[in-house]
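Using the supplied hints, reconstruct the complex from the two chains, each of which is provided in its own coordinate frame.
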Amino acid sequence: MALLATRKLEAFYGDFQALFGIDFEIERSEIVAVIGANGAGKSTFLKTVCGLLKAAREAVHFDGEPIGGLRPGRIVQRGIAMVPEGRRLFSSLSVEENLLMGAYARRSGPWNLATVYDLFPILKEKRATPSTALSGGQQQMVAIGRALMSNPRLLICDEISLGLAPIVVKEIYNALPRVCAGGLTVIVVEQDVGMAQLVSSRLYCMQEGRVTLTGPSGDLTREQISQAYFGV
Amino acid sequence: MLGWIDTIVQGVLLGGLYAMFAMGQSLIFGVMRLTNTAHGDFIILAAFGAFSLAAAVGLPAAAAPWLALGLMLPIAFAAGYGLQRAVLNRTLSHDPLPSLVVTFGVAIVIQNLLQEIYSADPRSIESGGLNTASVALGGGLAVGTLPLLIFVLAVAMAIGMQLLFDRTPIGRAFRAVSDDKDAAELMGLDHRHVYALATGIAFLLVAVAGTLHGMKTTVSPADGPALLLYAFEAVIIGGMGSFYGTLAGGIILGVTQAIGFRFDPGWGIWFGHIVFLAMLVFRPSGLFPKTR
Chain Z
1 MALLATRKLE AFYGDFQALF GIDFEIERSE IVAVIGANGA GKSTFLKTVC
51 GLLKAAREAV HFDGEPIGGL RPGRIVQRGI AMVPEGRRLF SSLSVEENLL
101 MGAYARRSGP WNLATVYDLF PILKEKRATP STALSGGQQQ MVAIGRALMS
151 NPRLLICDEI SLGLAPIVVK EIYNALPRVC AGGLTVIVVE QDVGMAQLVS
201 SRLYCMQEGR VTLTGPSGDL TREQISQAYF GV
Chain W
1 MLGWIDTIVQ GVLLGGLYAM FAMGQSLIFG VMRLTNTAHG DFIILAAFGA
51 FSLAAAVGLP AAAAPWLALG LMLPIAFAAG YGLQRAVLNR TLSHDPLPSL
101 VVTFGVAIVI QNLLQEIYSA DPRSIESGGL NTASVALGGG LAVGTLPLLI
151 FVLAVAMAIG MQLLFDRTPI GRAFRAVSDD KDAAELMGLD HRHVYALATG
201 IAFLLVAVAG TLHGMKTTVS PADGPALLLY AFEAVIIGGM GSFYGTLAGG
251 IILGVTQAIG FRFDPGWGIW FGHIVFLAML VFRPSGLFPK TR
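Protein chains in written order, with this note's numbering: chain Z, 1 to 232; chain W, 1 to 292.
Hints are computed from structural coordinates only; laboratory data are not their basis.
Backbone N, C-alpha and C fix where the C-beta goes; we use that ideal spot for every residue, glycine too.
DEER-style ranges, computed between Cβ atoms:
hint	chain 1	residue 1	chain 2	residue 2	range
1	W	R167	Z	A133	13 to 23 Å
2	W	F104	Z	G231	49 to 59 Å
3	W	A86	Z	P110	35 to 45 Å
4	Z	A133	W	A156	28 to 38 Å
5	W	L67	Z	R74	41 to 51 Å
6	Z	G109	W	Q115	57 to 67 Å
7	Z	G163	W	H193	32 to 42 Å
8	Z	A165	W	T91	37 to 47 Å
9	W	G266	Z	R127	49 to 59 Å
10	W	L100	Z	G218	55 to 65 Å
11	W	A278	Z	G109	51 to 61 Å
So that you can see chain W by itself, here it is in the shape it has in the complex (with noise of 0.2 Å):
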């Protein structure tokens, strides 16, 4: 029994890391219908950003992550935003074809440009022993502090990001004009300011996501495609356009895969793709949808 109950909530802090990873493809995709097939990779970007930041600043092995990611939060929203500006928008149109290539293109420059500069070696940002503590919970079971810390910081994420959504005059910016471009311009709206800024917080959600899982785990300039397909299960799951829909959509990703672990240890992603394609066929608008 013990042993089912340590699964599921490993499960559920697992669900947290990916629900991290797909809050920003949540932002994109629910303002713009941008599929942005660079995700991924983008947060292993900012973990090796991270990693080489952290690096560089010479503080102790505690502190220096926190530092690094501080650091690059202005350097990822500005990269973000200019990224839309430059690039992204001109490849927005009712066809997704181009944005699809497009964004696909970045990957493959990602994945090299971090193969040429950190060689295929896995890596993993020094924390001072956060990774390995723990915290127990009673009754014999213990979580990992980080872990832990992760879950929390998912959750704070989507509650966040549901407020400024709902309760803000950025986040009416970002509903109007992803329910009517031509109506919201005709308010005084730019969209390709609104589509930047939109990306510029994502890119923030993506730096966070990148320097924990950077602590979490080791990462090499190959993983970005598998933490897009997680960050994507978690969206669709989840619905579009609902970031407590995305929370929930990792958490069953998670507890699913954690399940299937515990079968066999080949079954557990497995098992998280099985229940997304059940998902597509038996509720393909997902859990919690709130745009179409």
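With the rest of the complex left out, here is chain Z (with noise of 0.2 Å):
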């Protein structure tokens, strides 16, 4: 059974929708890359994954069990961990305070202070500094140490790469499979459609608020996602 599926899901801000029958599956373990372009809906999807956008109970099963339009506060308590787009750090609070505060679930599991520290060594030599002094790098692995903290089941990262000078996304990306060994479960959402293809299994690509194009990253030709990207 599939440990995050979606049934037609469908998304609204205010009168206007912006999600039109989404389905979705991932399987434990597995890394999914979610593409598209501006737009498309990928935030959407992963807001109202979260909680943070209503969405119909029965929309969205985590574990077997159905979770659409619950608090976010509850949905990370179920272990679903986001990495917001923009990494949308605590700016009065220092590096550790940050990394702290994802640990209010209190769920249990391998991630604490001292294994963040570990696969980011440099947050260890910040962690009193306030996030707002980091470079945009190290505010990304902030951002992606204070999910940990949750010890999540899923792990869901929004447009990591957005902003950050190549050779830091790729020092970033290095800790995924790391991140990933003790079987944790990823979303990736990617602009940089080979990033997505390369660090991901299948593959989901959105446009206008639908899922245009699915299957193995690895199998999927550059016309089929040109055709589903930009719909030419």
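What follows is the structure, encoded as structure tokens:
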């Protein structure tokens, strides 16, 4: 059975419909990428899964149970953690305090301050620094560490390469195998299609609130993806 | 010369009272950007509450107000938590107007309720002579025991609140929710609960401020808006989100008023407002701003 599954998931911003019946599945320990142009509905999809946007209860199932429309706090307690787009660190908190906020859901597991510092040693050096004083890449590490601190079963990364230098993006993705070593399931949302294909086993492409293509990341051709991405 | 020293000392002590008025306002504003226009009226409500409780407990006047305050603290916390959860949370949005209108309405309700129950006569909480006792500082200078106690308590409140804010998990939650409510929700925080805790704690401070204010001087049901003004000025002068700033703001306000009073008995309050306006013009974010 899939760890997370959505059936005919719809989402709205007021009267504006942003998602039109998304069917999505991810198995345990799988890494799945979601790609698509700006405004395709990728972030809306993630917000709906995390509870920041309303959804029908039966439209989202996590570990076999319906969770659509639950409050974000309830969803993180069940084991879905999000690295939000733009990082969204707490600006008046230090690096360590930001990480500790991630542990608020009090789930037990392998991740704690020590293991996160092990993963990103630079954060240990900067533990007392205000999070706003870090470089973009370091801030992204804090955002990932903060999400891991809740010991999630499903980690959702929204555009973690956005606005970062390619070398920094590579450094962050290099940490991914260690993050997944314990069998963590990951959804990666990316605008960088090459990177998305490289790190994921399967891939969904979205356009205008619908899934236009899905399949094993390695088997999809450039033409298929361009077709699904731009609709031309 | 001694006259000036006396003026400054009295001003600092008065500033302690203003800082105490402002501490709860500073917390609420710092955590949820809510301007509680009923803040002064809640202080007066607490003063009258302590007045009635002190009369009811049947102890000697030297002990009754303190027991009354002790009894009032849990009630104040519960009232603050409940008010935030049931009413104020519903008024919070990007638009500041609903919360202003609602708290303004609450202010009117409190003033009229107190007027109905206690009439417009000024009253004071009997403290068994504490309000007239004084401590000699030497060199012909003496300060009132109660104002000194109020000042010490205000300093303790500022330190305590700053430590709570900077060093404890609940303070971390306050700052996180204040920074980014949605991101805090993603961590599993319920912002409605965090806001209600902040208001509950603010009401503890209000209960202390109201009781001591009622012991120091007379209170009447229509006094609230003036206290709100002093509290608000102290918060703005000190800078948002810093409790030491709020303490400094209260002291600056108190000293300026005392200096004004020395020039002319009609100038004190006016001098305080001038300093506040000058602050808004030259340093609108206050002396020690922590949050934006």
